[in-house]
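**Q** Read off the chains here:
There are 2 protein chains.
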Amino acid sequence: MTARIFNFSAGPAIIPESVLEEAKENLLSLGSTGIGIMEHSHRGKAFLAVYEQAVARCRELAGISNDYEVLFLQGGASLQFSMVPMNFLTSGQTADYLITGVWSEKAREEAQRVGSVHEACSSKDKNFTYIPQELKPGSSPVYTHFTSNNTIFGTQFRTEPTPAAGSFLVCDASSDIFSRPIDVSKYGIIYGGAQKNLGPSGVTLVIIRKDLIERGQKELPTMLQYRTHAKNESMYNTPPTFGIFMMNLVFGWIIKQGGLASMAAKNEAKAKVLYDYLDQSRLFKGTAQADSRSLMNVTFVTGNEAIDQQFVSEATKAGFDGLKGHRSVGGMRASIYNAFPHEGVVELVKFMRDFEARQA
Amino acid sequence: MTARIFNFSAGPAIIPESVLEEAKENLLSLGSTGIGIMEHSHRGKAFLAVYEQAVARCRELAGISNDYEVLFLQGGASLQFSMVPMNFLTSGQTADYLITGVWSEKAREEAQRVGSVHEACSSKDKNFTYIPQELKPGSSPVYTHFTSNNTIFGTQFRTEPTPAAGSFLVCDASSDIFSRPIDVSKYGIIYGGAQKNLGPSGVTLVIIRKDLIERGQKELPTMLQYRTHAKNESMYNTPPTFGIFMMNLVFGWIIKQGGLASMAAKNEAKAKVLYDYLDQSRLFKGTAQADSRSLMNVTFVTGNEAIDQQFVSEATKAGFDGLKGHRSVGGMRASIYNAFPHEGVVELVKFMRDFEARQA
Ligand SMILES: Cc1ncc(COP(=O)(O)O)c(C=O)c1O
Ligand SMILES: Cc1ncc(COP(=O)(O)O)c(C=O)c1O
Ligand SMILES: [Mg+2]
Ligand SMILES: [Mg+2]
Ligand SMILES: [Mg+2]
Ligand SMILES: [Mg+2]
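Residue numbers (UniProt numbering), protein chains in the order written: chain A, 1 to 360; chain B, 1 to 360.
Please note: incorrect hints may appear among the correct ones.
Chain copies aren't distinguished; within one or between two, either way the pair holds.
Dumping the calculated DMTMM-like pairs for lysine to aspartate or glutamate here, alpha-carbon to alpha-carbon at most 20 angstroms [to be verified]:
1. 24 - 109
2. 266 - 134
3. 136 - 67
4. 285 - 308
5. 210 - 356
6. 218 - 109
7. 45 - 314
8. 24 - 305
9. 210 - 119
10. 231 - 109
11. 317 - 343
12. 106 - 119
13. 256 - 279
14. 106 - 233
15. 210 - 276
16. 106 - 219
17. 124 - 134
18. 136 - 105
19. 24 - 160
20. 317 - 305
To be clear, the hints were calculated from the coordinates, so they are not data collected in a lab.
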């Protein structure tokens with residue numbers, strides 16, 4: 001078998017090897033059923049057990065109370081950008097959006113198709129290199145939307161912002177979901193595509209307060225109403241069964257890591273290796289403001305595009321894949337989600353140190 | 001390894017064993033990349049090669065000209081029920097719907113949220129046991145929607161209906177897509193979830209005429225406009241990469257079977273084994289009218305619910321899984337899609353013959 005290399009992809013991203021091994025074992029027969037995981041009816045006992053376990057593990061990990069539904073949807077975070085305003089914003093009403101990156105802007109654009117949007121803060125003035133400390137809430141927004149981790153710009157909220165009184169908090173947690181403990185009770189809706197911390201692309205985790213589901217618009221296409229999916233336990237139509245199976249395995253893996261608090265400790269230690277190196281390096285420099293740094297996506301540059309390119313190309317040859325930064329930031333980005341091994345960051349830093357020495 | 005059993009599930013459904021084996025080999029490393037298929041960035045070379053091959057094979061198999069786009073979307077056929085009218089039906093306009101089962105009715109309901117619908121035919125009078133021979137088209141419908149194979153009721157159009165002049169044909173082909181040759185040039189849009197004939201659930205194949213894409217509504221949520229996905233080669237947001245990978249393998253498998261004409265011949269021979277037996281059986285009886293029988297879903301009853309139940313339960317124990325009929329028809333349903341082996345139907349008929357003898 002081909003040796004696995006260090007995969008710094010921003011998403012789809014690395015999945016724990018033990019999870020992939022378990023998936024492998026169930027492809028031709030889920031347990032002893034004689035039918036592969038992808039071939040089971042979503043209405044049959046075997047898949048329903050997978051689904052139930054995925055919901056239970058999700059609730060256990062994040063301490064999700066019965067006031068919330070756990071849904072597995074299709075369409076990615078991008079469809080949630082539309083579903084949230086379509087369900088909760090009627091024209092004439094306003095929602096607050098915290099603008100901390102390209103994904104926040106895309107979320108806002110979809111809300112603007114439906115109602116009014118107030119920009120409660122923005123870090124666009126400095127190319128999204130920081131998380132604003134202060135909010136200027138609008139007057140009675142229905143909800144307050146923010147992006148907990150800005151995948152492209154390498155910034156992350158330390159903790160959730162406080163929404164305007166009377167408004168509920170909506171979080172696009174695509175790129176840091178379940179990377180640290182989360183107090184779900186502070187949120188109305190948390191959503192994220194699986195493809196960074198939770199599994200393969202094609203399934204979107206949505207955690208939503210039950211009273212909101214009821215308040216949602218009723219005139220929408222059936223598939224775009226949260227109540228449709230809540231009433232039918234994510235099986236109004238055929239769900240992405242394999243994606244749910246994978247997410248269930250990843251939840252099991254996080255539990256084995258010790259849960260979200262332990263995951264957070266590992267992620268902090270892991271990111272620190274890279275940030276500590278960046279802070280003392282004379283060649284490389286982190287692009288995000290120190291107090292806003294993401295533990296998931298570490299963005300850095302040399303300040304010289306040609307050297308950046310040379311670095312990415314040499315790193316790729318040395319088995320460090322996916323380090324090229326997003327075109328809107330340039331430079332490099334190391335995505336080091338939950339499943340990314342500590343050792344991989346240590347090896348990267350060694351390689352960077354060598355590269356730096358060779359440049360001197 | 002657990003022996004595989006005969007899986008008659010209506011969807012998610014059986015996948016060719018060679019395809020599952022190939023998937024297995026690529027889970028931890030796609031080819032020699034050192035990164036598993038689910039872990040590759042959708043923007044990287046390795047996945048793009050998979051995507052390109054999937055499109056090319058799809059075009060090759062169905063002889064799809066450059067006037068059409070091939071899209072891989074999320075949300076299942078159920079989201080297409082809404083996307084089609086949202087893009088093409090404005091209030092005041094009418095679309096024709098051919099009502100041949102529960103799925104046609106669901107498609108119509110979503111259209112009714114958007115515009116007017118004319119029922120061009122219906123077989124509801126006889127619990128959808130047949131395909132109506134005659135259409136009564138509405139006056140200048142924008143499009144004509146039909147369900148080529150009625151998964152629940154076991155009926156199938158022999159060939160596509162002729163839409164009213166000036167209207168384009170839209171087909172929900174979820175349960176017989178690529179089971180036989182299709183003259184794509186007669187259609188405006190063909191869509192189907194992968195989970196019956198093309199792979200796992202979570203990816204939806206949409207074949208759509210390019211001039212229609214341009215005509216689509218522009219005020220819709222970005223993710224619900226076909227132009228978004230066409231412009232971005234199905235990668236406006238993160239596509240279900242593993243689903244596309246699987247579909248590509250299934251396309252490859254169909255090509256190895258000799259393509260769609262050869263697939264159709266196999267499917268005919270396979271279904272004939274079961275229908276021939278049903279026609280001479282004194283215990284079992286097909287529920288669909290002979291001229292409307294589906295080659296994909298064979299529905300049958302004994303006429304006695306208790307015996308139906310006994311049959312399903314004994315069959316399950318004997319390793320024939322998923323034979324219980326949908327609750328709206330009762331009795332039994334044998335779903336025998338492309339990947340279902342001929343030998344499985346032969347074995348089932350043997351088992352039915354035995355059962356019948358024991359009942360006598
Ligand atoms: C923070 C964030 N939000 C949203 C998205 C878009 O997600 P999807 O591709 O699942 O629609 C991404 C994807 O990278 C992201 O990083
Ligand atoms: C003919 C037909 N149309 C539509 C659907 C719904 O498809 P999905 O579950 O992909 O939304 C099905 C599912 O069984 C079907 O058989
Ligand atoms: Mg961003
Ligand atoms: Mg430095
Ligand atoms: Mg039907
Ligand atoms: Mg008979």
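**Q** Against the structure, test the hints numbered earlier, and report the numbers of the ones violated in rising order.
**A** As far as the earlier hints go, 1, 2, 3, 5, 8, 9, 13, 15 and 19 are violated by this structure, in ascending order.
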